[in-house]
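Read off the chains here:
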Amino acid sequence: MARWALAPLALIAGLAIAACGSSSGSSESGGSKEASSGTIPVTFVADQTGLVSYVGEKVIAGMKLAVEEINSSGELGKRKIVLSIANSNSDTATATTQMAAAVKSNAVAVFGPALSAEALATAPLAQRAKVVDIGTLSEDTGFLPIGNYIYRLTCSQLRYDPLIVEHVAKLGLKSTKIVYASDNPTLSEETTEHMVPELEKAGVKVQGTVGVPSTTTEFSSLATKLESGNPESIGLMVVGAANPDLITALRHSGYKGVIWGEQSATAGALVPAGELANGFFYAVDYTESLPYESSKKFTELFKQKHPKEIPYGYDANGYDAMKAFAKAVSLEGSGPVTRESVLKGMQKEAASGGFEGASGKTIFVGPEHRDIAVPGVLVEWKDGAEHIVKLGTPGLEQQQ
Amino acid sequence: MSAAPLLEVRDASVRFGGVHALRGAELSVSTGSLCGLIGPNGSGKSTLVNVISRLTKLTGGALLMDGDEIDSLSADRARAAGIARTFQTVRLLPSMDVLANVMLGGATHFAQRSVAVNWLWPPRRANANRTARQAALVALERVGMAAHAHARPQALPYGQQRRVEIARALASRPRLLLLDEPTAGMSHHEREEVGDLLMELRREGLTQVLVEHDLAMIHRVCDHAHALNFGRVIASGSTQEVAADPGVREAYLGHGSSGERAQDSERAQESGPPESPAKVSQ
Amino acid sequence: MLQQLINAIVFGSVLTLFSLGLSLAWGTLDVLNLAHGAVFVFAGFITYELTKDSTMSFVPTLIVASLAAGAVTLALELVAFRRIRLHFPARRQAELSMLVVSVGAATVIGEVVSHQTSEAAFSPPASAFSIHRYSLGGSVGITNIQILIVVAAIIVAVALDQGIRRTRYGRAIRALAYDPTTTQLLGVNVGAVAAATMFLAGALAGLAGVMLAIYLGGEEVATGQDYLLTAFAILIVGGVGSIRGAIVSAYLIALAETAVVAYGPSQWRDGVAFLLILVMLLVRPQGLFARRRFQRA
Amino acid sequence: MAIASISSWYAGNETLIQNILIYALLAFSVQVVLRAGVFSLAGIGFYAIGSYTAALLLKKGWPTVPSILAAVLLCILLGYLLALLLVRLRDLYLAMATVAFDLMVGVVATNWTGLTGGPLGVTGIPLVMGTLPIFLTAVGAMLLLGLLQRGVLGRSFEAIREDEPLALTLAIDTSRYRHFAFVISCVLGCLAGAYHALLFGTIEPTDAGFELIVLALSMVIIGGFRSWAGALLGAILLTWLPLELTSVGSWLNLVYGGLMIVLATWLPGGLLDALRALLRLPARLRLLLRSPSSLAATGEERG
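Residue numbers (the working numbering), protein chains in the order written: chain R, 0 to 399; chain L, 13 to 294; chain H, 31 to 327; chain P, 575 to 877.
Pulled out of the complex, with its shape left as it was, chain R reads as follows (with noise of 0.2 Å):
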């Protein structure tokens, strides 16, 4: 045999040792893992690199605010909670190995990664190993089907699309076009299936759905392309820089009409259209005057924290994430935390009626109660701030 073909049937006998006597070994010991005794590690896969950077980085930020707050207020006692990063690269392969690494360490919960494809590919592999896994952002309707260690706390636009609806009625705008971006899942959808309905529903006319792929940057062309019939208002179902520009593009080719749009306008994205994007409204989970004695809280302690910075919804939503993983390890005693014992948790919290976070009173909804709804608020972009126009009440879509 060839000195050249060693390499890969080394590599053959290797993995065929390590597979066969692992066939018995690999069935995960998830629930006997047990931490030392005062501490209590949990992993977050996070989008801290790579495409969703952006919101990676803020849900790191306010996950760690609720770390600090929870340590130092001994609310779960002597014990701390440890809490490590992995960089998913928001990408999906990075993401499962960064998963799979974590089930395997001691690691008593999980926090997912935003990409609905991320969330989709490594939700089994904490299913499989029993920890529970708890999704932020992921919007996919997939996700939670997957097992009963799935939990997720997002701010779905689904759940928002009623205040958002109802505004536009309440303004008695009789027409609107809405644009979305073509190559996103999430919005795609909820355009096509949920908001074009829901409006028209309204009385609100839906002159045209344009979809245009995320990579437009230049729209003057779609901006005159959406003027044409006058709409009264337009509707912006876009993400990144595509908010501030599309408002640029229309404001410069003279629409004079109203403009809203979703989620993905938070966390500073209107910024860079300046004056031009006052009176854009949309709905977030979270805003930084909230009334709520909760999220007064959290703005305080966010403020304390980064004096120079905005909270917004990503902040929050990492904060409530770990919130809700707290609440769990409290509902369970003061004896050591173990992954069964996070699941049980969850379950009591669910059954208890949820916990209050930076978005307010938070509940869990869904057929399995594993979906974690906050209230959500309808807030308008004015010079440079979001201003509260209406609050939301958890749970809201399904109620209807």
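Bear in mind the hints are in silico, worked out from the structure with no lab data behind them. Computed from a prediction, not measured in an experiment: that's the story for all the values here. Please note that a few of the clues may not be correct.
Stated by the list, open to error - Just the calculated beta-carbon pair ranges, DEER-fashion:
1) 211/H <-> 852/P: 33 to 43 Å
2) 229/R <-> 688/P: 26 to 36 Å
3) 636/P <-> 274/R: 55 to 65 Å
Every residue, glycine too, gets a C-beta built ideally from N, C-alpha and C.
Please build the complex by placing chains L, H and P on the supplied structure of chain R, with the hints as guidance.
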């Protein structure tokens, strides 16, 4: 000069864009002869070699081997049909040793067959490697380089690299060997040696076309010669006749030291067609 | 209809400004600079940094940001491309290496910018350049920044075209594109011409970046990549290295994309560029405007 | 004892290994063409085609093996046709055309909603893939690619890359060889995509976008494009590094970018070349000590 010509070039012309590299060149090489090709830089010698080895297509005229039209042949087919060549510059692959370089020349039959079968059918691979190796060793022996079979080509002196090139051309036992200035840049002694080698090959019956600058060399080794200028054959016959031709003398004296420039443009042409489209086209 | 035509012309001017530098680098130096888009965004970022807290006026900002973009590209040339050109004799290997370097550079520049801007879209404040709209009758109109972009594109295109035809530097560039070895032998300082070319290419990307930062409303790192992919189509359609070809095809592609967005299935907009690249390479690989015949090896 | 510890290591790193193997297949698909001097990145487009074909067939109720085989056959056919169209293009032009092809596949996948599920992609694909088939495929690919770069055949590809006119005059039908490498590349890309889809149960049109092209190219360049071993090295490094580089956090891609600049400029053979040089160092030193002059004249035959 009585044998039927192995190779015939009739009224060959080649144009690159607006440049005429060959205009109506005529050439005839009889079996077993060693034919010299002389001419100043840029006269079309290399183009003619490229045409015969099928790297360059004729824009007009005909190319015949054994009386058969071969202008439609691709370069790889031409090699398989027995036309081997060397280049003006050394073109040995630096990533392989000398033997491996020459083995590439000895596997022309293998190289023409289905890649997938060559890849996946072990007997054919083994057979090809064995025969190529044998052919390569024989060819290296032939040019006196057998001792350096495992050297890296770039570690060898220039003269020896040229010998390896000749070995690579010989490894497939060609019927016609085209040598494009094989002694350029060699010392006097090395040139003598290469000249001896070519004459020996000729005695063994190998037909050769030798492109050469040095009239003395042509005189020493060739049976007959053709002189080119401006893409035309301006004289042909015995080496003495060609050397004495007034046109040839004029061409040589007139262009003998015409400088680096023309030579380089020829070198650029010789490296085959450019691999990318025209660039700045203003 | 008229409005969409104006939109197409403005968009074509944006594309012209963006793709001329890319064409120059590929055409003369065989550098397919994938960092061009990142450099473009970098210039927008510099504009943002210069204007966000100060009252620096438009023209100095434009100059500083363009020079900074040129400097970044020049640095890339001096650190990597020059070395590769000198040390990798095989053209194929050199092209691949330069491509990979430019991918790496695009990542590095993009990461630095996104860190400095917290990964958010950024834009110079409205005070940096106040935008007005002029009505051309009915609902048709054009803004001053749009006019500026079109004028800038025309000036740059004509200057570059004439510069390459008539100046000493232009002759050196053409010679270099045709045959680097001979050019060197003719006494042209190839290193200097290459450095100047890369600097110019970068500065052109920078100029486009500044204008766009003001025009678009918000730039982010991904913006550069999107323009880059469209610019590839422009180079292929126009014929690589052909300045006039690049200009004409920039407007053609702008027209095609505008037509698709305005009257067709807009979600297929990206497909226009990719399809054009494929079709052109198959049908007329030398591009619409290249004079010399494309040789197949 | 040793076996037990290997096993537990394996159990904990199975996902990492799966990802490495899938990325290795993708990296091979780029390496096999680059080595032949064919600058094609079409493998990434076929990654998408392979993943969609296998996943959709499986969801239709086809068994696993026929689904994957059908995907491979489709890719051979499409790859062959694409090769017919594109193989006459060279270098950067070919790179450009294949990148355009890859992105076009993405655009079609996003917009042909009836077939591909549009931007939502395909979810709920039966999770039928285990590590073993992927592993065997990867090892098989390594063996076959090893054969492809050995002997006269392997050197013929090298000759085509280094000096195409020369290869022609050595009777090598270069267009046939290039064509062949192109199709092999398509099949490898297809397999990587199909396995990825069946392993993780989800595909989105954005999975095989510009980022994946850059990633695959990075793997091959960082590892070394002259051998499959380089591609494997690159795949291992770039899959495993994010686990180790938690300390650099959000600067991860900056590290990648810097690494690419440095390697492409100073080490064109990639890390594999550096590794080989390092392994040869003791032997060379010994040789140098014994007879300093002999060093220049000898050279080892390269694999």
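Going through the hints against the structure:
no.: 1; hint: 211/H <-> 852/P: 33 to 43 Å; result: holds (35 Å)
no.: 2; hint: 229/R <-> 688/P: 26 to 36 Å; result: holds (33 Å)
no.: 3; hint: 636/P <-> 274/R: 55 to 65 Å; result: holds (58 Å)
Of the numbered hints listed earlier, not one is contradicted by the structure.
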